[in-house]
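K.L.:
Just need the whole structure built from these sequences, with the hints factored in.
Chains R, W and U, in that order, are what the protein sequence lines are. Using this note's numbering, you'd call the opening residue of the first sequence number 95 and step up by one each time. Using this note's numbering, you'd call the opening residue of the second sequence number 95 and step up by one each time. Using this note's numbering, you'd call the opening residue of the third sequence number 95 and step up by one each time.
Certain hints may be false.
[Unchecked claim] Among the chain U residues that face chain R by a calculated CB cut under 8 Å, a handful are: (1) Arg99; (2) Trp111; (3) Arg131; (4) Ser142; (5) Thr159; (6) Arg167; (7) Met173; (8) Glu175; (9) Thr180; (10) Leu184; (11) Tyr187; (12) Ala203.
Think of the hints as simulated: they come from the structure by calculation, not from any bench. Heads up, the beta-carbon is just placed ideally off N, CA and C, and yes, glycines get one too.
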Amino acid sequence: MSLYRSVTDFRVEDVDWILDRAARIKAGEPSAQLPPRAVVGLAFLESSLRTRTGFAAAAIRLGATPVEVLGVRESAVSMPESVDDTLRTLAGYCDAVVARVGEHLVLPAGVQVPLVSGGDRGLVAEHPTQALIDLFALTRLAVPVGDQVVALCGDLRMRAARSLLLLLEAYQPRRLVLVTEPGLHEGLTVPEGLATLCEERTLGDIGDVDALYVVGIPHGALDEDGRTRLRVTSAHLDSLPPRARVYSPLPVIDEMERDALHHPRVRMFEQSDDGLYVRMATLELVLGLGAPA
Amino acid sequence: MSLYRSVTDFRVEDVDWILDRAARIKAGEPSAQLPPRAVVGLAFLESSLRTRTGFAAAAIRLGATPVEVLGVRESAVSMPESVDDTLRTLAGYCDAVVARVGEHLVLPAGVQVPLVSGGDRGLVAEHPTQALIDLFALTRLAVPVGDQVVALCGDLRMRAARSLLLLLEAYQPRRLVLVTEPGLHEGLTVPEGLATLCEERTLGDIGDVDALYVVGIPHGALDEDGRTRLRVTSAHLDSLPPRARVYSPLPVIDEMERDALHHPRVRMFEQSDDGLYVRMATLELVLGLGAPA
Amino acid sequence: MSLYRSVTDFRVEDVDWILDRAARIKAGEPSAQLPPRAVVGLAFLESSLRTRTGFAAAAIRLGATPVEVLGVRESAVSMPESVDDTLRTLAGYCDAVVARVGEHLVLPAGVQVPLVSGGDRGLVAEHPTQALIDLFALTRLAVPVGDQVVALCGDLRMRAARSLLLLLEAYQPRRLVLVTEPGLHEGLTVPEGLATLCEERTLGDIGDVDALYVVGIPHGALDEDGRTRLRVTSAHLDSLPPRARVYSPLPVIDEMERDALHHPRVRMFEQSDDGLYVRMATLELVLGLGAPA
Numbered sequence: 095m096s097l098y099r100s101v102t103d104f105r106v107e108d109v110d111w112i113l114d115r116a117a118r119i120k121a122g123e124p125s126a127q128l129p130p131r132a133v134v135g136l137a138f139l140e141s142s143l144r145t146r147t148g149f150a151a152a153a154i155r156l157g158a159t160p161v162e163v164l165g166v167r168e169s170a171v172s173m174p175e176s177v178d179d180t181l182r183t184l185a186g187y188c189d190a191v192v193a194r195v196g197e198h199l200v201l202p203a204g205v206q207v208p209l210v211s212g213g214d215r216g217l218v219a220e221h222p223t224q225a226l227i228d229l230f231a232l233t234r235l236a237v238p239v240g241d242q243v244v245a246l247c248g249d250l251r252m253r254a255a256r257s258l259l260l261l262l263e264a265y266q267p268r269r270l271v272l273v274t275e276p277g278l279h280e281g282l283t284v285p286e287g288l289a290t291l292c293e294e295r296t297l298g299d300i301g302d303v304d305a306l307y308v309v310g311i312p313h314g315a316l317d318e319d320g321r322t323r324l325r326v327t328s329a330h331l332d333s334l335p336p337r338a339r340v341y342s343p344l345p346v347i348d349e350m351e352r353d354a355l356h357h358p359r360v361r362m363f364e365q366s367d368d369g370l371y372v373r374m375a376t377l378e379l380v381l382g383l384g385a386p387a
Numbered sequence: 095m096s097l098y099r100s101v102t103d104f105r106v107e108d109v110d111w112i113l114d115r116a117a118r119i120k121a122g123e124p125s126a127q128l129p130p131r132a133v134v135g136l137a138f139l140e141s142s143l144r145t146r147t148g149f150a151a152a153a154i155r156l157g158a159t160p161v162e163v164l165g166v167r168e169s170a171v172s173m174p175e176s177v178d179d180t181l182r183t184l185a186g187y188c189d190a191v192v193a194r195v196g197e198h199l200v201l202p203a204g205v206q207v208p209l210v211s212g213g214d215r216g217l218v219a220e221h222p223t224q225a226l227i228d229l230f231a232l233t234r235l236a237v238p239v240g241d242q243v244v245a246l247c248g249d250l251r252m253r254a255a256r257s258l259l260l261l262l263e264a265y266q267p268r269r270l271v272l273v274t275e276p277g278l279h280e281g282l283t284v285p286e287g288l289a290t291l292c293e294e295r296t297l298g299d300i301g302d303v304d305a306l307y308v309v310g311i312p313h314g315a316l317d318e319d320g321r322t323r324l325r326v327t328s329a330h331l332d333s334l335p336p337r338a339r340v341y342s343p344l345p346v347i348d349e350m351e352r353d354a355l356h357h358p359r360v361r362m363f364e365q366s367d368d369g370l371y372v373r374m375a376t377l378e379l380v381l382g383l384g385a386p387a
Numbered sequence: 095m096s097l098y099r100s101v102t103d104f105r106v107e108d109v110d111w112i113l114d115r116a117a118r119i120k121a122g123e124p125s126a127q128l129p130p131r132a133v134v135g136l137a138f139l140e141s142s143l144r145t146r147t148g149f150a151a152a153a154i155r156l157g158a159t160p161v162e163v164l165g166v167r168e169s170a171v172s173m174p175e176s177v178d179d180t181l182r183t184l185a186g187y188c189d190a191v192v193a194r195v196g197e198h199l200v201l202p203a204g205v206q207v208p209l210v211s212g213g214d215r216g217l218v219a220e221h222p223t224q225a226l227i228d229l230f231a232l233t234r235l236a237v238p239v240g241d242q243v244v245a246l247c248g249d250l251r252m253r254a255a256r257s258l259l260l261l262l263e264a265y266q267p268r269r270l271v272l273v274t275e276p277g278l279h280e281g282l283t284v285p286e287g288l289a290t291l292c293e294e295r296t297l298g299d300i301g302d303v304d305a306l307y308v309v310g311i312p313h314g315a316l317d318e319d320g321r322t323r324l325r326v327t328s329a330h331l332d333s334l335p336p337r338a339r340v341y342s343p344l345p346v347i348d349e350m351e352r353d354a355l356h357h358p359r360v361r362m363f364e365q366s367d368d369g370l371y372v373r374m375a376t377l378e379l380v381l382g383l384g385a386p387a
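P.N.:
So this is what it looks like as structure tokens:
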């Protein structure tokens with residue numbers, strides 16, 4: 095199995111290993127060393143900041159060097175090359191490939207190295223490594239995930255949210271609070287294992303929340319009234335318990351008021367920074383470096 | 095001599111060395127180590143997938159790190175910088191440069207490091223490293239190149255085909271079969287040393303061919319009837335001898351029927367993968383690492 | 095202090111150290127070794143050739159690997175991410191960041207690593223590392239900077255010129271000659287410490303100049319008559335003393351006549367090449383590797 099498109103392509107023991115390993119790397123434990131002169135391919139046919147540069151840095155910290163493809167080959171004299179052929183070609187030069195291809199990610203025939211999604215598109219779009227980073231953030235709180243009230247605010251159909259919900263199904267927080275709008279969860283099925291833990295609320299009712307996860311709302315997905323109802327303000331953050339932390343896969347454009355971004359509960363950039371360790375651990379795992387059998 | 099624009103800028107003994115060296119690297123022999131912290135410049139002012147990422151990976155496998163320039167410097171306040179100045183500047187920071195500049199490649203004044211073409215344009219456009227990869231593929235067949243019937247199908251004016259024909263002139267296959275259309279070889283002169291080996295045929299008459307090389311046909315170079323006559327199908331591939339192999343510099347857009355791509359005779363992606371070793375050997379040669387004096 | 099936006103963000107002893115260190119590296123002295131697997135972020139949201147590839151190569155020569163961001167994250171479903179968040183995110187993965195962001199560079203909250211300008215914009219736009227390279231070029235002349243007549247020709251408001259004038263204020267050449275046009279220094283205040291050294295002249299009167307620095311003139315900043323008056327010709331260069339050298343931050347588009355570019359006094363590409371050593375020394379300094387306390 096060398097495709098990691100969904101977060102469910104990681105076994106629960108893999109996820110446990112990644113979380114533990116990321117914490118150890120963050121604490122200063124030496125990371126594995128990739129085979130000398132290893133190459134990690136980064137096929138980002140769609141724009142990406144965090145995932146692309148985060149995996150580039152993770153590869154480098156492991157002793158490898160990234161090679162990027164930021165668009166399909168096009169020229170005046172030929173049609174664009176297919177995504178499959180692009181990935182297959184790049185994979186032939188690399189020890190692993192991380193890809194965001196702008197469509198549902200599949201493993202092209204002949205790819206022999208691990209292929210990790212950097213976020214895909216389609217009806218069951220996911221962003222598995224972002225969700226691993228988000229879950230890692232939850233594990234950094236004082237109380238264990240199983241005792242946390244976790245709130246997700248925004249468009250629950252976004253790929254990072256879908257992956258996180260699948261992870262939370264396995265990790266079972268005490269309660270799952272959804273802050274959203276009609277239309278932002280059309281077609282979304284909350285994973286079965288979360289059904290009994292789950293309730294909808296407004297931002298006015300988050301006083302018991304341990305972790306508020308600001309999902310993001312795509313441009314144009316909601317009218318301004320709806321955006322306003324879901325916009326996180328300093329007052330909302332003040333209503334959280336002191337132990338609470340606010341996370342986001344970023345970027346945050348207008349999903350939070352600008353002055354709320356610097357509220358003492360907000361840990362979005364620490365979460366982003368820790369993404370480096372999670373991506374290092376993920377690369378170690380998919381490359382079979384010390385990961386569970 | 096530090097410009098490698100044409101495949102004839104490599105001496106025959108250089109080509110022999112590259113082919114032999116690539117085979118050894120593929121077989122697991124350690125590659126040379128570039129000077130510590132070496133830099134290989136990749137100036138690809140035109141889109142490239144295989145050549146750019148292949149040389150990036152080759153540089154890394156040799157212990158170097160690539161630095162890319164993917165367009166000339168432009169800004170709101172200045173005219174585009176010249177190709178010559180772009181190459182000269184980059185070369186000043188690098189141990190070697192591979193370049194695809196969208197025009198006939200020349201060695202700019204002051205460039206002190208090897209400059210290797212990644213495919214150029216113009217009346218005598220070539221793609222020397224692609225042709226080395228193609229010749230390497232031929233050497234992987236069971237019979238030596240000198241005993242092979244080699245067929246080229248498509249637009250023989252394409253730069254990779256021009257370079258390959260020049261190499262085949264030196265390596266003299268048993269027979270050279272050209273499958274093409276009027277208009278796709280206008281202005282093309284088959285190298286003199288191939289004249290007596292050379293004959294034109296259709297795809298219906300390739301039953302004795304050892305290696306079928308699908309050149310590619312530029313978008314718009316041929317009407318649909320012509321494209322259809324040159325489109326390789328599974329039936330054509332079935333008509334080849336069992337020992338035969340099908341190669342291509344890729345990408346293949348519509349030059350082969352989609353289901354023919356997975357025919358057991360097709361080795362295009364293996365050829366692409368082996369390009370890594372040929373590019374490593376080429377970098378070793380131009381940098382004087384163990385190559386013939 | 096971890097922002098280096100202006101050349102004045104480097105103390106004079108820092109500049110001295112960089113110049114001396116660059117000369118030693120050029121002479122073959124081993125450079126410092128960055129922490130193993132170090133990452134240098136290159137956020138070039140505007141086009142750059144020399145500064146971007148020069149810092150990439152400098153990082154590699156020091157044992158680090160660059161990670162590039164060449165535009166802000168954009169997608170069909172979200173607004174562009176802010177420059178601040180882009181820099182903050184990248185900085186979280188890196189040991190140092192060099193940035194050209196297309197606006198006045200500020201240190202975003204939370205950035206913990208050195209942030210070096212690769213040229214910014216605005217009313218006090220600067221290009222500090224280019225000016226360090228330019229000053230290094232002056233120190234390569236036979237006579238010390240303090241005994242030189244230095245001439246700047248072109249648009250003195252350009253960011254590299256502003257930074258160089260600030261450096262020259264500290265290094266006090268014997269005389270500063272300005273060759274410019276009304277309109278090309280509107281709003282420019284020559285630094286106070288240069289006032290008594292400074293005089294305006296034409297290109298016809300540079301017979302005592304030791305170093306002629308061709309600043310460049312933005313496209314559209316001047317009518318053709320003005321451009322002609324400031325265009326450096328071979329005749330102008332012949333009028334310089336034999337010891338004189340001609341420098342430029344490059345690119346030179348039409349600020350010099352094409353045949354003047356190869357005049358024996360011209361050292362623009364040597365200056366560009368030496369930029370590698372200055373950038374290596376600059377990275378060493380901002381990372382605290384052996385630099386003055």
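K.L.:
Does the interface hint hold: is U/Thr180 within less than 8 Å of chain R, judged Cβ to Cβ?
P.N.:
holds, 6 Å
K.L.:
When the nearest CB of chain R is found for U/Arg167, is that gap smaller than 8 Å?
P.N.:
holds, 4 Å
K.L.:
Can U/Ser142 be said to touch chain R, with a Cβ gap under 8 Å?
P.N.:
Constraint on U/Ser142 not satisfied, violated at 17 Å.
K.L.:
Do the numbers back the hint for U/Met173, that is, is its least Cβ distance to chain R under 8 Å?
P.N.:
holds, 5 Å
K.L.:
With chain R as the partner, please determine if U/Trp111 meets the hint condition of a C-beta pair closer than 8 Å.
P.N.:
Since chain R brings no Cβ nearer than about 28 Å to U/Trp111, farther than 8 Å, the hint is violated.
K.L.:
Holds or violated: U/Arg131 as interface residue toward chain R, Cβ cutoff 8 Å?
P.N.:
Check passed: Cβ of U/Arg131 comes within 5 Å of chain R, closer than 8 Å.
K.L.:
Classify the hint on U/Leu184 as holds or violated, based on whether any CB of chain R lies nearer than 8 Å to its CB.
P.N.:
holds, 6 Å
K.L.:
Have a go at the U/Glu175 hint: is there a Cβ in chain R nearer than 8 Å to its own Cβ?
P.N.:
Holds, because the Cβ-Cβ distance from U/Glu175 to chain R comes to roughly 4 Å (cut-off 8 Å).
K.L.:
With chain R as the partner, please determine if U/Arg99 meets the hint condition of a C-beta pair closer than 8 Å.
P.N.:
U/Arg99 check fails; min Cβ-Cβ to chain R is 21 Å, beyond 8 Å.
K.L.:
Does U/Ala203 hold up as a contact with chain R if the rule is Cβ-Cβ below 8 Å?
P.N.:
For U/Ala203, the interface hint holds, since the closest Cβ of chain R sits about 7 Å away, which is under 8 Å.
K.L.:
So, U/Thr159 near chain R? Judge it on the closest CB pair being under 8 Å.
P.N.:
holds, 5 Å
K.L.:
Per the CB criterion, is U/Tyr187 less than 8 Å away from chain R?
P.N.:
holds, 4 Å
Taken one by one, the earlier hints fail for this structure at numbers 1, 2 and 4, listed in ascending order.
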